[in-house]
Amino acid sequence: MIDKKKKLVEVVFEKAKNELPNSSKTSIAFYLSTLFEEEYGFSKDGRTFVRYYKKLVEDNLDYTIDDITLDNMSLYSGYKNFNDFCNNYKKEPFVKKFGSINVAISESEEQHDNLSDKSSKVVVNITNAPVFNIPEFISKNKNSFGLMGILVAGGIFVSQKDSVAKEKQQVIAQQPIEEASKPNQTTAAPKSNSIVTVIEKEVNHIVQKVNQKKVSKKECMYWKLDHYVAVLCNEDISVNPVIAIDEELLRSFRKINKIDTLTVNNALGKVWYDKSNNHVEFFTNYGIHPENGKTLKPVSKHIIEKYINN
1 MIDKKKKLVE
11 VVFEKAKNEL
21 PNSSKTSIAF
31 YLSTLFEEEY
41 GFSKDGRTFV
51 RYYKKLVEDN
61 LDYTIDDITL
71 DNMSLYSGYK
81 NFNDFCNNYK
91 KEPFVKKFGS
101 INVAISESEE
111 QHDNLSDKSS
121 KVVVNITNAP
131 VFNIPEFISK
141 NKNSFGLMGI
151 LVAGGIFVSQ
161 KDSVAKEKQQ
171 VIAQQPIEEA
181 SKPNQTTAAP
191 KSNSIVTVIE
201 KEVNHIVQKV
211 NQKKVSKKEC
221 MYWKLDHYVA
231 VLCNEDISVN
241 PVIAIDEELL
251 RSFRKINKID
261 TLTVNNALGK
271 VWYDKSNNHV
281 EFFTNYGIHP
291 ENGKTLKPVS
301 KHIIEKYINN
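At position 50 of the sequence shown (counting the first as 1) the number is 50 in this note's numbering, and the numbers step up by one without a gap.
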């Protein structure tokens, strides 16, 4: 039964994802909640759909789903009910895509007289072994590499230099005495360790940024008309409550004032709404209504046609 429920949840989310391209798991879940309520007169909170997906699909654990929900999910997937889904759903072949792989084939030490005996003892080891040049890797990823990554890479470089230096010392120690007795020749001064310089610069940069943030960091925000504004937590704002800052909401959460620009093509999966006192408001992201505290719902074709096109 768990396999059937898991497959049904996968099918439902996959279909909804096709209807809402580039949508997150949470967006799809709230879309399903609204859709089921409008199409089937059946209400199920979006967070419940998220739990279905997480438990059954991601964690591969059994999770209770009531019969009504199973039947409605099956109906949305193109079947009469859950029993019809279980009996008639055909599992499509699964083809896993791999990146570059190395294949190592080894044979048993035991010798065989014919090819079939040999092939029965062949062991295939598949490993994903990326090969890259560390200096080039650091250069290409310097913006996201981070201090810890640089320190690790620095340790690799230093250990490699130490290893080369030890090898050179061993070679010099093994040279004939007459070679060692020759007059000293002028040798070039060793180059400074560039990785140490990079680490020092990175550390200084981080310390500087931390000190700057300590001076005056706005760690709170409040809702102002149609967007969030970052403020100091001790600021006295009388318009709306001051809450802990959320970078995602601060950057992308907006109230849509020109609702006549919304269409089915540009709104599905990208716009959320709240209906209170027969008044509908639209926002650019999911979450909580900043003024009345209600959970926002994803817009559907029905909502757009009813409250915008009319």
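To be clear, the hints were calculated from the coordinates, so they are not data collected in a lab. Treat the hints with caution; some may be incorrect.
[What the hints assert, rightly or not] Straight-line Cα separation of at most 27 Å, BS3-like style, residue types lysine-lysine; simulated pairs:
1. Lys-224 with Lys-297
2. Lys-44 with Lys-297
3. Lys-224 with Lys-7
4. Lys-294 with Lys-201
5. Lys-25 with Lys-6
6. Lys-255 with Lys-25
7. Lys-294 with Lys-275
8. Lys-201 with Lys-258
9. Lys-7 with Lys-17
10. Lys-217 with Lys-275
11. Lys-55 with Lys-44
12. Lys-25 with Lys-15
13. Lys-80 with Lys-15
14. Lys-224 with Lys-44
15. Lys-44 with Lys-270
16. Lys-275 with Lys-201
17. Lys-15 with Lys-44
18. Lys-201 with Lys-255
19. Lys-4 with Lys-80
20. Lys-255 with Lys-270
21. Lys-217 with Lys-54
22. Lys-25 with Lys-54
23. Lys-80 with Lys-301
24. Lys-297 with Lys-15
25. Lys-217 with Lys-258
26. Lys-258 with Lys-218
Quick caveat: nothing in here was measured; it's all calculated off a predicted structure.
Status of each hint after checking the structure:
Between Lys-224 and Lys-297, the direct Cα distance comes to roughly 21 Å. Compliance with the 27 Å bound is thereby established for this hinted pair. Using a Cα cut-off of 27 Å, the hinted pair Lys-44 and Lys-297 holds, with the two alpha carbons roughly 12 Å apart. Proposed proximity of Lys-224 and Lys-7 is contradicted: the alpha carbons are some 44 Å apart, above 27 Å. Between Lys-294 and Lys-201 the alpha-carbon distance is near 48 Å, which puts this suggested pair outside the 27 Å criterion.
For the suggested pair Lys-25 and Lys-6, the alpha carbons sit about 15 Å apart, so the restraint of at most 27 Å is met. Distance hint between Lys-255 and Lys-25 is fulfilled; the C-alpha atoms sit about 22 Å from each other, no more than 27 Å. The hinted pair formed by Lys-294 and Lys-275 meets the criterion: a straight-line CA distance of about 9 Å does not exceed 27 Å. Under the criterion of a C-alpha separation no larger than 27 Å, the hint pairing Lys-201 with Lys-258 is inconsistent with the structure, at around 48 Å.
Between Lys-7 and Lys-17 the alpha-carbon distance is near 15 Å, which keeps this suggested pair within the 27 Å criterion. Taking the CA atoms of Lys-217 and Lys-275, the gap is about 36 Å. The hint is violated against a cut of 27 Å. The suggested pairing of Lys-55 with Lys-44 holds, with an alpha-carbon distance near 17 Å, which does not exceed 27 Å. With a C-alpha separation of about 12 Å, the suggested pairing of Lys-25 with Lys-15 holds against the 27 Å cut-off.
For the hint pairing Lys-80 with Lys-15, the CA-to-CA distance comes to about 16 Å; that is within 27 Å, so the pair holds. Proposed proximity of Lys-224 and Lys-44 is contradicted: the alpha carbons are some 32 Å apart, above 27 Å. Of the supplied pair hints, the one linking Lys-44 and Lys-270 holds, its CA atoms being roughly 21 Å apart against a limit of 27 Å. As the CA atoms of Lys-275 and Lys-201 are separated by approximately 53 Å, the hinted pair breaks the 27 Å bound.
Taken as a hint, the Lys-15 and Lys-44 pair is honoured in the structure, with Cα atoms around 18 Å apart against an allowance of 27 Å. As the CA atoms of Lys-201 and Lys-255 are separated by approximately 42 Å, the hinted pair breaks the 27 Å bound. Of the pairs offered as hints, the one joining Lys-4 and Lys-80 holds, with about 15 Å between alpha carbons and a cut-off of 27 Å not exceeded. Simply put, Lys-255 and Lys-270 have alpha-carbon atoms about 13 Å apart, close enough for the 27 Å limit, and the pair holds.
In summary, the hint linking Lys-217 to Lys-54 is not supported, as the alpha carbons are separated by about 36 Å, beyond the 27 Å threshold. Between Lys-25 and Lys-54 the CA atoms are separated by roughly 10 Å; this keeps the pair inside 27 Å, and the hint holds. A threshold of 27 Å between alpha carbons decides the hint, and for Lys-80 with Lys-301 the separation of about 24 Å falls inside it, so the pair holds. Between the alpha carbons of Lys-297 and Lys-15 the distance comes to roughly 19 Å, so the proposed pair stays at or under 27 Å and holds.
For the hint pairing Lys-217 with Lys-258, the CA-to-CA distance comes to about 33 Å; that exceeds 27 Å, so the pair is violated. Between Lys-258 and Lys-218 the CA atoms are separated by roughly 30 Å; this puts the pair beyond 27 Å, and the hint is violated.
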